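Peer 1: Each step along the sequence shown adds one to the number in our numbering, with nothing skipped, and position 258 is 258.
Read the hints as simulated data drawn from the structure, not as lab findings. These numbers were taken from a predicted model, which means no experiment stands behind them. Check the hints yourself; a few may be wrong.
[Unchecked claim] Below, in silico cross-link-like pairs of lysine to aspartate or glutamate (DMTMM-like), each with a Cα-Cα straight-line distance of 25 angstroms or less:
{"#": "1", "residue 1": "53", "residue 2": "277"}
{"#": "2", "residue 1": "212", "residue 2": "121"}
{"#": "3", "residue 1": "307", "residue 2": "121"}
{"#": "4", "residue 1": "255", "residue 2": "139"}
{"#": "5", "residue 1": "183", "residue 2": "77"}
{"#": "6", "residue 1": "259", "residue 2": "139"}
{"#": "7", "residue 1": "274", "residue 2": "295"}
{"#": "8", "residue 1": "183", "residue 2": "285"}
{"#": "9", "residue 1": "271", "residue 2": "121"}
{"#": "10", "residue 1": "53", "residue 2": "65"}
{"#": "11", "residue 1": "310", "residue 2": "268"}
{"#": "12", "residue 1": "255", "residue 2": "244"}
{"#": "13", "residue 1": "310", "residue 2": "299"}
[Stated by the list, open to error] Distance windows between CB atoms, simulated:
{"#": "14", "residue 1": "149", "residue 2": "318", "range": "48 to 58 angstroms"}
{"#": "15", "residue 1": "149", "residue 2": "69", "range": "32 to 42 angstroms"}
{"#": "16", "residue 1": "179", "residue 2": "25", "range": "49 to 59 angstroms"}
{"#": "17", "residue 1": "299", "residue 2": "149", "range": "21 to 31 angstroms"}
{"#": "18", "residue 1": "306", "residue 2": "81", "range": "22 to 32 angstroms"}
{"#": "19", "residue 1": "25", "residue 2": "277", "range": "40 to 50 angstroms"}
{"#": "20", "residue 1": "174", "residue 2": "59", "range": "24 to 34 angstroms"}
{"#": "21", "residue 1": "318", "residue 2": "63", "range": "30 to 40 angstroms"}
{"#": "22", "residue 1": "130", "residue 2": "63", "range": "22 to 32 angstroms"}
{"#": "23", "residue 1": "190", "residue 2": "259", "range": "41 to 51 angstroms"}
{"#": "24", "residue 1": "318", "residue 2": "40", "range": "28 to 38 angstroms"}
{"#": "25", "residue 1": "281", "residue 2": "103", "range": "24 to 34 angstroms"}
{"#": "26", "residue 1": "313", "residue 2": "190", "range": "29 to 39 angstroms"}
Backbone N, C-alpha and C fix where the C-beta goes; we use that ideal spot for every residue, glycine too.
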Amino acid sequence: MRISAICAAAAFALFAANISCAQEKYPARPIRLVVPFAPGGGTDIMARTFAQKLSESFGQTVVVDNRAGGGGTIGTETVVRATPDGYTMIIVSGSFATNAAVYKLPYDSVNDIAPIALLGETGNAIALPVTLPIKNMKELIAYDKASPGKLNYGSTGTGGFTHLISELFNQLAGTRMTHVPYKGTGPALNDLLGGQIQVLFTSLPAAVPLIKQNRIRGIGVTTPKRSNALPDIPAIAEAVPGYEAVLWYGFWGPKQLPKSIVTLWNTEIRKAVKLPDLRERLTSEGLEPADAPPERFSEVVRRDVAKWQKVVKTGNIKTGS
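Based on the sequences and whatever the hints tell you, model everything.
Peer 2: Structure representation (structure tokens):
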């Protein structure tokens with residue numbers, strides 16, 4: 001009888017614990033939002049902007065955790081390997097897809113994640129020194145074809161997003177501009193301003209103020225249509241049919257993340273995107289806010305991984321790793 005009583009008590013305790021866990025409302029503690037880059041960049045800024053809004057919505061602090069290294073792969077792997085309980089999430093940019101095209105990764109960028117939400121899409125601008133006698137896309141292409149390899153274009157590193165979108169331009173426009181890799185946007189912009197390089201596909205947030213101050217000349221944007229941030233500058237596709245390179249931001253979590261958590265995050269993110277103050281901030285930086293279900297983000301990742309794999313193969317791009 002004593003053994004039976006002990007077993008019954010243990011069974012009841014287990015049952016009560018299960019009931020308690022089942023009734024625990026998510027989130028019940030702070031959430032870690034991983035940024036796979038150093039503080040201060042575009043992804044980090046986006047993370048901190050949304051972390052504040054989500055903290056208010058969830059009633060729990062969303063803590064930004066910068067895990068830089070490996071071009072974003074170190075922080076990404078941290079989340080891929082995390083417990084799928086909704087307390088370790090990540091925000092990534094379009095470089096998530098370019099990494100999958102360039103590197104041999106310890107995870108599957110398409111199948112090892114649980115897509116949550118596409119935050120928005122933006123583009124880059126082709127920028128030139130104001131001293132260069134090239135005023136538009138047609139003149140750029142004609143100049144390069146008359147003197148192949150004479151024009152040097154900068155990037156934020158071999159195999160990175162700006163490198164691949166520049167190489168895509170070379171492939172579609174038939175140009176042969178020479179690649180000069182840098183260790184970030186800042187050094188590349190400085191050399192563009194100084195005339196050491198002649199072309200740079202730089203992000204809209206970085207390009208817009210310099211173009212408006214007439215410190216650099218913008219002659220095209222990589223988005224399929226003109227950007228609201230630079231309405232007078234044509235899309236590259238107007239001169240190079242088929243060209244499109246979109247930089248996006250999105251949230252995802254570990255594979256097998258419960259659907260209820262995915263739905264909650266997607267709902268709250270889409271609410272935040274519609275807030276007037278946040279929407280105004282995003283659009284002022286050239287970002288077109290998205291309002292999409294998880295499936296849309298999944299489609300974008302699959303599309304871009306395949307797209308950049310083709311560019312890498314055609315351009316025979318090697319990174320040495």
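Peer 1: Each hint: holds or not?
Peer 2: Going through the hints against the structure:
| no. | hint | result |
| --- | --- | --- |
| 1 | 53 x 277 | holds (11 angstroms) |
| 2 | 212 x 121 | holds (22 angstroms) |
| 3 | 307 x 121 | holds (16 angstroms) |
| 4 | 255 x 139 | violated (48 angstroms) |
| 5 | 183 x 77 | holds (22 angstroms) |
| 6 | 259 x 139 | violated (52 angstroms) |
| 7 | 274 x 295 | holds (19 angstroms) |
| 8 | 183 x 285 | holds (23 angstroms) |
| 9 | 271 x 121 | holds (17 angstroms) |
| 10 | 53 x 65 | holds (16 angstroms) |
| 11 | 310 x 268 | violated (35 angstroms) |
| 12 | 255 x 244 | violated (30 angstroms) |
| 13 | 310 x 299 | holds (17 angstroms) |
| 14 | 149 x 318: 48 to 58 angstroms | violated (19 angstroms) |
| 15 | 149 x 69: 32 to 42 angstroms | holds (34 angstroms) |
| 16 | 179 x 25: 49 to 59 angstroms | holds (52 angstroms) |
| 17 | 299 x 149: 21 to 31 angstroms | violated (37 angstroms) |
| 18 | 306 x 81: 22 to 32 angstroms | holds (25 angstroms) |
| 19 | 25 x 277: 40 to 50 angstroms | violated (28 angstroms) |
| 20 | 174 x 59: 24 to 34 angstroms | violated (56 angstroms) |
| 21 | 318 x 63: 30 to 40 angstroms | holds (38 angstroms) |
| 22 | 130 x 63: 22 to 32 angstroms | violated (43 angstroms) |
| 23 | 190 x 259: 41 to 51 angstroms | holds (47 angstroms) |
| 24 | 318 x 40: 28 to 38 angstroms | holds (29 angstroms) |
| 25 | 281 x 103: 24 to 34 angstroms | holds (32 angstroms) |
| 26 | 313 x 190: 29 to 39 angstroms | holds (32 angstroms) |
In this structure, the earlier hints numbered 4, 6, 11, 12, 14, 17, 19, 20 and 22 are contradicted, and the remaining ones agree with it.
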